[in-house]
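Based on the provided sequences and hints, a complete structural model is requested.
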Amino acid sequence: MSWETTYEKWVGNEELEQPLKAALEEIKENRTALEDCFYKNLEFGTGGMRGEIGPGTNRMNTYTVRKASLGLAHFIEEQGEKAKKRGVAIAYDSRHQSPEFAMEAAKTLASQGIQAYVFESLRPTPELSFAVRYLKAYSGIVITASHNPPEYNGYKVYGPDGGQLPPAEADEVIGKVNAVEDELSISVKSEEELKSEGLIQVVGEEIDKAYMEQLLKISLNREVIKEMHDLSIVFTPLHGTANIPVREGLQQLGFTNVTVVKEQEQPDPNFSTVKSPNPEEHAAFELAIKYGQEADADILMATDPDADRVGIAAKNSNGEYEILTGNQTGALMIEYILSQREEKGSLCSKGIIFKTIVTSELGRVIAESYGLTCEDTLTGFKFIGEKIKEYEKSGKHTFIFGYEESYGSLIGDFVRDKDAVQACLMGAEMAAYYKKQGKTLFDALDDVYKKHGFYKEGLESLTLKGKSGAEQIENLLASFRAEMPLEVNGQKLMVSEDYKASVQYDVVKDEKSDIHLPKSNVLKYQLADGSWFCVRPSGTEPKVKFYFGVNADSHKKADEALTDLKQSVMDLVHERMQKVAQ
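Per the UniProt record's numbering, the very first residue in the sequence shown carries number 1; after that it's consecutive.
Keep in mind the hints are simulated off the structure, nothing from the lab.
Each hint should be verified, as a subset may be incorrect.
Computed spacing ranges between beta-carbons, pair by pair [stated by the list, open to error]:
| # | residue 1 | residue 2 | range |
| --- | --- | --- | --- |
| 1 | Thr256 | Asp182 | 53 to 63 Å |
| 2 | Thr62 | Ala283 | 25 to 35 Å |
| 3 | Lys189 | Thr273 | 33 to 43 Å |
| 4 | Asp443 | Ser346 | 20 to 30 Å |
Glycine residues also receive a C-beta, built at the ideal position from the N, C-alpha and C atoms.
Structure below.
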C-alpha cells in the first residue's frame with residue numbers, strides 16, 4: 001500500500017493524520033532533493049563546470065573533480081607526449097574545498113603522467129590565464145565559482161593560449177569526461193609521491209612578479225598618476241583573491257591613498273559580510289560606500305572572489321555614490337583608452353574592440369567614431385579570447401579592448417580572460433585623469449552620452465532550480481521559437497536572431513541570413529525604435545536571463561523607454577510561462 005493511499009485512508013483521524021502528513025511531505029522533499037542531485041551530470045557551459053558542493057553527479061565533490069580531470073587527462077594524452085610534458089597550471093580561489101579540489105585535479109593528472117603546476121595559495125583567475133602562457137603549459141584549471149553564492153564551487157578549463165576552452169575543444173573534453181563510467185573507481189597516487197616524482201610542482205612568486213610587470217604596462221598616463229597620486233581610492237576584494245595584486249599594482253603605479261575595506265580584506269569562503277559576493281549586486285558595496293563617505297573617496301572598487309569582474313562606484317551629480325553598470329564602465333574605458341592612444345599617436349588603424357551580443361551598442365558607436373572595428377561574440381569571455389587568438393594569427397586586427405555587460409573586461413592580451421586586476425588599475429587611472437579636469441567618473445560618462453547618444457541597458461532574471469526548472473527554461477525558449485513576438489512595447493519587430501539555429505530573420509524584408517557565430521541557445525529581438533531584448537539561459541546558474549537595450553536623446557527619455565520595455569517583455573514572459581505550464 002502506498003504512502004498516499006495510507007494517508008487517504010487515515011484522513012479524519014486527528015491523532016494519525018498530522019504526523020503521517022508531515023512524514024509524507026518529508027519523503028517528497030527528500031525525493032526531490034535526491035532527483036536534483038542525480039538528474040544529470042555537471043556540464044561545461046560558458047564558465048566551465050559549476051554546481052553546489054555536495055554528493056551526487058550534479059554536485060561539486062572529489063569524484064566529479066576527478067572525473068573531469070581524468071577526462072582532461074585523456075584529451076591531453078591524445079595530443080602526445082609533448083602536451084603531457086607541457087602540463088597543466090592549476091589555481092584556486094577562496095571558496096570551500098577550493099584547495100582540496102585543486103590538489104585532487106593535480107593528483108589525477110599527475111597519476112596519468114601529466115605535469116601539474118599548482119599555485120602555493122589562492123590566486124586570481126586572470127593570473128591562471130597568464131600562468132598558462134608564462135609556463136607554456138598545454139592547459140589550465142582554476143577552481144572557482146566566480147560570484148556565485150557560498151555553497152557553489154566550479155572548475156574552469158583553459159587551453160594553450162590561456163583562454164577558456166572554446167566550444168569544439170570543450171566538446172572533446174566533455175566527451176572524454178562522459179566516457180569515464182565510474183568516477184568512484186578512479187585511482188590516484190598520493191600527493192607526497194607525485195611531488196617526489198616531480199609530477200606536481202608548486203609555483204607562485206616567480207609568476208606573480210611576471211604578471212605584475214605586464215600589469216604595469218597597460219598604463220597610458222603615468223604622468224597624470226604622479227600628479228594625482230593622492231586620489232582617494234576605496235577597494236574591497238569581497239573576501240576573495242584580488243587583495244594582494246590590486247593593492248600592489250596600485251602602489252607600484254604610484255597611488256598613495258588606497259583604503260581597503262578591512263571587514264572584507266581576508267579570504268572567507270562564507271563571504272560573511274555580504275549576501276552575495278557579486279559586484280553586480282549593489283548590496284555588495286554597502287561597506288565600501290560607508291568607507292567612501294568617511295574618506296570622501298573619489299572612486300570605490302569591488303572585485304568578485306576570483307577577481308575576473310570588478311564593480312566601480314563614484315559620486316553622481318547629487319554627491320552620492322552610484323555604482324556604474326558593466327556597460328557604463330566599458331564605455332568609459334573605451335573612450336578613455338582610444339582618446340589617449342589617439343592623443344599619443346599610438347592608435348592602430350587595425351585596432352578592434354570586442355563585446356558580446358548582450359552588451360550595449362554604445363561600445364560599437366564609440367569604437368566606430370575613432371575609425372575602429374567593433375565585433376560581437378557570444379556571451380562568455382572564452383569567445384573573446386578565441387577571437388583575439390584568431391586575429392593575432394591572421395594579423396587582420398590588433399586587439400585593444402574586450403568587455404561584457406556583466407562587469408568583465410580585458411585591456412592587455414597577456415591574459416586571455418577577463419581581468420579585474422587590470423580593470424582596477426585602469427579604473428583608478430581614469431579617475432585620476434578626470435579629477436585633474438575637475439570631473440568625476442559620472443561627469444565623464446555624461447560627456448560620453450552627450451557625444452555618442454544616451455544608451456541605457458537592463459537585466460532581469462528568473463531562477464528556476466532543479467530538473468523541473470531546467471525544463472521550464474527550455475519550454476520558455478521553445479515557446480519564443482514557435483511564436484516570435486511581432487510587436488513588443490508598441491514597437492514592431494524588425495529583426496529576430498536565433499543563435500541556436502544560426503539564423504537572422506529580417507521581418508520587414510522577409511529574408512533570412514546566416515549568423516556566423518557558434519550555435520548557442522539564445523534569442524535576440526530588435527525593434528523598430530532601435531531598442532532590443534534578448535533571452536538567454538545562464539551557462540553557470542539555474543537562471544534564464546533577459547537583457548534589454550534602448551537609446552534616446554536624453555537621460556529621461558532613455559530611462560522611461562527602458563522601464564516600459566522591461567515591463568512589456570516580462571509581462572510577455574510570464575504569459576508564455578503560464579501558457580506552456582498548462
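How the hints compare with the structure:
Here the CB-CB span from Thr256 to Asp182 is close to 58 Å, well matched to the stated 53 to 63 Å. For Thr62 and Ala283, the Cβ-Cβ distance of about 33 Å falls inside the hinted range of 25 to 35 Å, so the restraint holds. Restraint check, Lys189 to Thr273: a C-beta distance of roughly 40 Å satisfies the suggested window 33 to 43 Å. Between Asp443 and Ser346 the Cβ separation comes to about 26 Å, which falls inside the hinted range of 20 to 30 Å.
Of the numbered hints given earlier, the model fails none.
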